[in-house]
Every structure is written in C-alpha cells, then in structure tokens.
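Visitor: Place chain B on chain A using the hints.
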Amino acid sequence: MTDTQLNRRQVLAGTAALAGMAFGVSPLAAQETGEIVLGGSIPLTGVFAFAGIGIHAGIQDYLKILNDGGGIKGRKIKYVAEDTAYKVDASVAAFNKITSQEKVSLYYGDSTGFSKTINPELDRRGSMIMAGASFATELNDPKKFPLQFMAGPDYTEMFGILLRYIAKEKPGARVAFVYSDTEFGRDPIVPGEAVAKELKLNIVEKIVTPPGSVDVSTEVLKLRRANPDFTIFHGYVLAPIPEFVAQAKQMGMKSQFMGTFWTMDNSTVQRMDAAADGFMGVMPYRYYYDKDGSVPMLEKIRQMRPEYQSTGYMQGFVTAMLMAEAVKRTLDAGKELTGANLKAGLNSIKDFDTGGLFGVPISIPGNSVPVGRIYRFDAKAKQMLPASDWIKL
Amino acid sequence: MRIGTLKTSYGADEALFDSSVQRGLLVLLALGAVAFPFVASPYWLFLACLCAINVASATGLNLLTGYTGLVSLGQAAFMSVGAYAVAVLEIRLGTPFLLNLLIGAALAAVIGILVGIPSLRVKGLYLAIATIAASVILHFLFSHWSLTGEARGLSMPPASLFGYVIDQPFTLYWLIMPVTCLMVLGAANLLRTRIGRAFIAIRDRDISAEVLGIPLLRYKLTSFAISSFYAGLAGGLWAYFFRVVTPESFPLVNSIFYLAAIIVGGMGTILGGILGAVFMTLVPELLKFAANWLTPIYPDALAALAPVRTIVFGGLIVGFLIFEPRGLAEIWRRVRRFFHLWPFRT
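Line order of the protein sequences matches chains A and B. Note that the numbering used here has the first sequence beginning at 526, numbered continuously upward. Note that the numbering used here has the second sequence beginning at 16, numbered continuously upward.
With the rest of the complex left out, here is chain A (with noise of 0.2 Å):
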C-alpha cells in the first residue's frame, strides 16, 4: 500500500471542483426558450438496454423531423433523457434531476415500477402526461394513471389480439399459457383466461417458470401433456423461449407457439435460430421493412437510417409522435400545456393517421391503443411477415 503524496493545495483544489461539480449543476431556473420539453428515464444500460437504446433512437429520429418541420406553432420540443440502467431509483434520480432543471411537459417512463411509483408525483405536479415502455394492464386506468398513456395495447389486449386470431383460425383450440413468475409475466394471465372463456377457447395449461430460467425440460412435458394447440409466452425476452420451443419441437408437438410485444422484434425472434420457423406473435406496429400499404413515416424511417431498427425504436417514435399531436392539439384549442388538458388532447385523437406506423388509423379513447397484427417468422425470408390484418379491439 503506498501512501497518497498530497499537499494541502491539492486537496484544497480537487474539494471544490467536487463542490463546483455539485453546485454547477443545482437547479436552473426553467428558461422560457418557447421550447417545450419532453423529458426521459431511458434504460440504456441494464438489462433491458436492448429496447432503450432503440427507444432512445426511435424518439430523437421524430423529434427530429418534427423540429426540423419547424415544430408545432413554432416551438420546438426539446429532448432531455437521463440512463436509468432499468432501476427503479435511478429512474426517479433522473426525473427529479430533469424536473428540476426543465419545464417539463411530456415524459417517457421505462417501467412500470417506475409509472405506479411516480404516478402520485405526476397527479401532485399536474403539469405532464407520460408514457413508456411499460403496457401493465394496471396502467390502462385513466382513473388511477389519469395523466399516463402506452402507445400501443397493454398486456391483457395483447392476449386479447392473439386470442382473437386464434378463435378465428381455429374455433374452440386449446391453448397454453407460459408465463414467467414477476410482475410482468403474471399481468395478463387472469384477464386472459376470461377473454379465451369468451371466445369459447380451451385453456388446457398454464405454466409458470422462474424469470430467466434455462433448464425446461420438466416444463416441456408438462406442456406435451396438454398437448395444447397454440401456446403464448409471455413475461420473457428471450430465454427460455428458444429452449422451450426447440425441445418441444424434438418431441414432435405441433403447438403453434406466440409471443408478446418485447419478444417480437425481428433480431431477437432470429436469435431463437432453428426454433424461430414459424413463430408468432402480436405487433401493433410495421416492422421496418414492412411495404404493405401506405407508409408514408416508415419511408422517411428508413431514409434517416438505411439499417435496419427495432421494435424498440418504433415504440419511442409512436410514443413522441402521439405526444406531439396531443401539444399540437391542446396549443391548437387555445389551452395551457398541462397534464390535464394534453391528456384530453390526448384523447380527443380519432382516426388518425401515424403515417402508416399503425397498419390502420387509431384512436386513444383511454390510456391504450388496442390495436395489433400477428406476425409469423419466416425463416427463408429471415423475418417477421405479417399473418393477419390488423385487429382492433
């Protein structure tokens, strides 16, 4: 161990440049530059970096075109983001360090620990509407989440998705549910079970598994025993998908397997290698390289960036592109940019256009978008081709 050589004027210097550090960066008053802020938690490290990044991408690429189209009314939208490494603390660290040095009029979330836990703040500010990457069934409650919105349908609409396309290609199918064992797995398993109940579906089996689990063997019997006819994962990334799916085809099964929304980007599905072939799943989005109708957004997409982005991506270009149009339509009826009145500008969208981005036109009568399309891998293609016209709920 050698001894630090410091003289006093050393250690005089390094403390205030830490105190100049702490205080540099204290408070600034909000500067009234015209510019209207939307501030960001963003996971681009963690373990869910593989869809912030994206995320992070997909809403500085709007913005973009957005403020380079000279903005709304004239005043740009600024994007101020912070890296949350997905923890549910450094996500609040980054809202009230934005909050702090920012008028903040929209917000993107990157949890939904982190949604329930600021939601009393965001109510008590009542200056904001947020979004995120979370599509918790529990948000979708525009009176408990008045001031949050998800771009896209949540957990339990998804199901309704899949379930919808099942009934309708096979009437009275038996279908499993795998689910892993945390709060994102578990959200629409119940809810699902009453939907398939509705649509006259058989619900045959439902398997829990531990989040990340690798060994599924015991899991895949039980699975073959049910014999089910369709069976969605749900609560997982990747793993254990790919080992599910592979083991369950070596035993011959023909179940038809699907997945929810953070399975399907096309990456990820072609990372499941031979148990890729023919799997399914639920999008409300066009795949990047979709050409089916007019995609007048996807073309400037993919002009901005000849490579190809994910899922991810889209999810923070819809989420800043449906937040711009509620500033756009609360400035247009003459309000205050509040919570309360972007979120009925929010909601006052009907039929409208995302410039193909959504297969159809939407509208967000609550805090979702219920709409989706089933994509199926195709392995010769090496991507995700749609399956169903788009359904809306």
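Everything labelled a hint here was simulated from the structure, so no lab data went into it. For each residue, glycine too, the CB sits at the ideal point set by N, CA and C. Mixed in with the good hints there might be a few duds.
The following label-pair restraints were derived from C-beta to C-beta distances [stated by the list, open to error]:
#1 LEU910(A) / HIS159(B): 34 to 42 Å
#2 ASP666(A) / GLN37(B): 52 to 60 Å
#3 VAL54(B) / ASP817(A): 52 to 60 Å
Guide: Here is chain B on its own, set in the frame of chain A:
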C-alpha cells in the same frame, strides 16, 4: 499540526469524538445537513435521502459482516420485510408512521434471528448461501401472498404527522436523515459496549471468544437481529420514500450492492459503511454528468457513454479493492493524518 491528544480518564479514552476539532467539524456537518434542504434541488434531496437509506442498511450489514464476521447476502430481503410490513400497516391500519417503522424493523429482526440460526453451524460462503436461500423464500412469499399484493405489490399512501403529509424529498429528508443519524450513532455506541466487543471477538476468532465466556449463539443471533432491525428500518424508510413495494423492489443484486458498499467503504468501521454506501449511490449518478457536459460537443454522448460509465464504475470499485483494500475509510484516515501533521509529511 496536532501534537497529541491528552486523555486523563477512561471516559475520554472511549469517547466517540475525542478532540475539540472533531466536535467542531461535527457541528459544522450537522449545520450543513440542516441547511442542505433549503439550498438543494429536489434531485439532490432525492439523492441525499437515497444515500441515507443506503447508509442505514449498510451500517446494519457492517455490524453483522464487518464486526461479527458473518457474511450475509440477505440484507435486501430483510429490507423487504420492513418495507412490506410498513406498507401493509399503513394501508390496512393507518397506524402512525413511526410505529409502523418500528414494527417493520422488529419483524425484520425476528426474521433475521430465524435466518441467523444456521450461523452457529456454518460460516463464510456457506452462511452466505443460507442467507440467499432465505431471500428466495421471502421473495416467493411476497410474490404469492395476497396480503402483500402478490406480483403487483402494494402502493401505499404517504406518511403523515398530525395531518401534515410527508411525501416530498424536502419533507422526507427530515424523516430519513435524523433516523439514519440516530441509527449510525447507535451503531457506533453499540461497539463501545460489551455486545460490540463480543461481536469483534467472535469475528476475530469465535472459538477463542467462546473460551473467553462469550455465548456464541446469543451474540451471533443478536448480531443478526440488530443487523436485520437496521435493514427493516431502512426498508420501511424506503417504502415511505418510494411508496410502491413490489417483489422486484429488493432483488438479490441489492444485497450484493450493500456488501460491495461496506467492502469499498471499509469493513469493520462505521465510517466505512457510510462512505461506501454514499460512494456506491452517488458515483453512478455523478458519472452521468460527464455525458451531460459532453452533450453540447457530442450530441449523442448520453447513449454513447452509457456503457462506458458502467465500466468506469466497475473499474473504480476494482481499483479501490486493489489500491486500498481497507476501503475509503482508510483513505479518509490518511487525509486526516495529512492535515494533522501538516506541514510535516508522514
């Protein structure tokens, strides 16, 4: 230059703060802590509260691991006991928050004693595994019990005192900071008692301690109880701070965080627990400012530097372990010695 500290009584020799300079600095620190909420933004207040909660929990773990030598990876689980207890009491009974905090901490202490029972037979890594097992059991219980809201957890109302709601970082600071200060002071004083000396004797050599007449079972379980009490209280404060408690609020990685905090800070010193918890909480946040400063020059510095930041944080921890295994507390001691001896060098 300080040339010596004359002590003329055993009381003075045992004093926590043994010089007038130290006491003066402590008064300045206390004044700074009182003035802080009036000058700091909600962001810094939030971080101060978070640091205080982590200091409280790390101090508890330091008593168990640093002073008694019992390695535990269950600190986050004990925190969850306190947090859930507080949330359930606040939601169901609406009892006063101080009572809730104490009940939560007491419950965590009871669970701590149960988890600590294997410590009589197993030590080191084996004990760490036993505490992990306890964490898994508690996690399972909380995520499947209707009382604790199952997987969705509990959202609770804020603490209130005579109708005054304590829900903002400014008001929470006046709850969290004094409680943490009392806890740290309590821990420091505990180590001057028979109990504290028994802990240290057990850590240094448990067989010798038993030969000296220290009942191992009683003191090991006492250590677990006190440590879990601290964790439970910290968990309760955490619950009032965030007001949402879910099974995912206290993952195993948080237990590793507290263990890392006391190792980086310096095991077996009260100051080490404080410095380590503050370091582990603040450094990842402070590193973010590098990206903020670079943004005007390089617009996407945030995304580009995010992974680098994680690596730098990891590197700093490894660096401390290599260059100062005795932790931040030892560095602090050297800095103090430098000032004591100035203008002479050691």
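Visitor: Could you run down the list of hints and mark each one as holding or not?
Guide: Hint by hint, here is what the structure shows:
A hinted range of 34 to 42 Å for the beta carbons of LEU910(A) and HIS159(B) is consistent with their spacing of about 40 Å. The hinted window of 52 to 60 Å between ASP666(A) and GLN37(B) holds, with their beta carbons roughly 55 Å apart. Taken as a hint, the range 52 to 60 Å holds for the pair VAL54(B) and ASP817(A), whose Cβ atoms sit roughly 59 Å apart.
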